[in-house]
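Residue-level listing of the chains:
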Amino acid sequence: GAVVSQHPSWVICKSGTSVKIECRSLDFQATTMFWYRQFPKQSLMLMATSNEGSKATYEQGVEKDKFLINHASLTLSTLTVTSAHPEDSSFYICSARTHTSTDTQYFGPGTRLTVL
Amino acid sequence: DAKTTQPNSMESNEEEPVHLPCNHSTISGTDYIHWYRQLPSQGPEYVIHGLTSNVNNRMASLAIAEDRKSSTLILHRATLRDAAVYYCILRAQGGSNYKLTFGKGTLLTVNP
Chain H
1 GAVVSQHPSW VICKSGTSVK IECRSLDFQA TTMFWYRQFP KQSLMLMATS
51 NEGSKATYEQ GVEKDKFLIN HASLTLSTLT VTSAHPEDSS FYICSARTHT
101 STDTQYFGPG TRLTVL
Chain W
1 DAKTTQPNSM ESNEEEPVHL PCNHSTISGT DYIHWYRQLP SQGPEYVIHG
51 LTSNVNNRMA SLAIAEDRKS STLILHRATL RDAAVYYCIL RAQGGSNYKL
101 TFGKGTLLTV NP
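Just so you know, the sequences run in chain order H and W. At position 51 of the first sequence the residue is numbered 51 (our numbering), and the sequence of numbers has no breaks. At position 105 of the second sequence the residue is numbered 105 (our numbering), and the sequence of numbers has no breaks.
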C-alpha cells in the first residue's frame, strides 16, 4: 500500500511555543491530505482538509489561526500548532488520499505532542 | 454522514476466525463501506472496502448483507498482531466529500 510518513514522531515543547509537524506521501502524489487529532482513549477527530495549492478547510470548532496548515506540494502538508498549551497535547495524525480506483486514505504513523 | 454501529469490544483466540459486525441501517445507495484498523499508538491502517458484493483481500474479507444495512469484517485466522480497534466507516463515493468520520470502533482482543 501507499506510504505516508510524519515527522517528528514525538515532540515535547514548552507552553507558548509553536510546533510544526510534517506529513509526506512517499510514493504517490496527494492532492488532498487530512489532519486528525486523537485524545487518549478517544476516536480520531478530523481537524481540517488540506488541498494542494489552496487554503485548508477547517472543521467546526477548530481554530484556523491556531492550527496553521500548509499544503505547498503534492507530497507535503504541514501542521503548525501555534502558541501551544497543555490542552493541545494530543496524538496528531495525517492521511493522504489516493486517486486510484480504490480512492482510499492512507494514514501516517502519528505525532505525539506533549506541551509542558 | 450515515452512522454505523459497532460493538465496543470483542475477544478472540489466536488462530481462530473473527467476525466483526457493523450495522448501518441508514446507508444510502452511493455509500461505500470502509474498514480501517488502528493498532496501539499508530495511525489507522486501511483494511478493506466494498459497495454491494463481498470482497476479499490479503488482510480480510468483507461480507455485505443483501439489503446493505449491515456488514461483517472477517479475519480468517486471528493473530496477536490483529489486536486493534476496528472502524467501520461509510463514505459516499464521488462528489467532493472525501472525509472519513470515525466512530468509536470495536476493540478486538486476541488471546494467545
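No wet-lab data here; the hints were simulated from the structure. Every residue gets a Cβ at the ideal spot worked out from N, C-alpha and C, and that includes glycine. Be aware that a few hints might be false.
Listed next, with one range per pair, are the computed distances between beta-carbon atoms [said to hold, decoys possible]:
hint	chain 1	residue 1	chain 2	residue 2	range
1	H	His85	W	Ala92	19 to 27 Å
2	W	Gln42	H	Ala72	25 to 33 Å
3	W	Lys3	H	Lys14	35 to 43 Å
4	H	Thr17	W	Gln93	24 to 32 Å
5	H	Glu59	W	Leu107	21 to 29 Å
6	H	Thr17	W	Leu51	40 to 48 Å
7	W	Asn8	H	Thr17	35 to 43 Å
Enumerated hints in conflict with the structure, sorted upward: 1, 4
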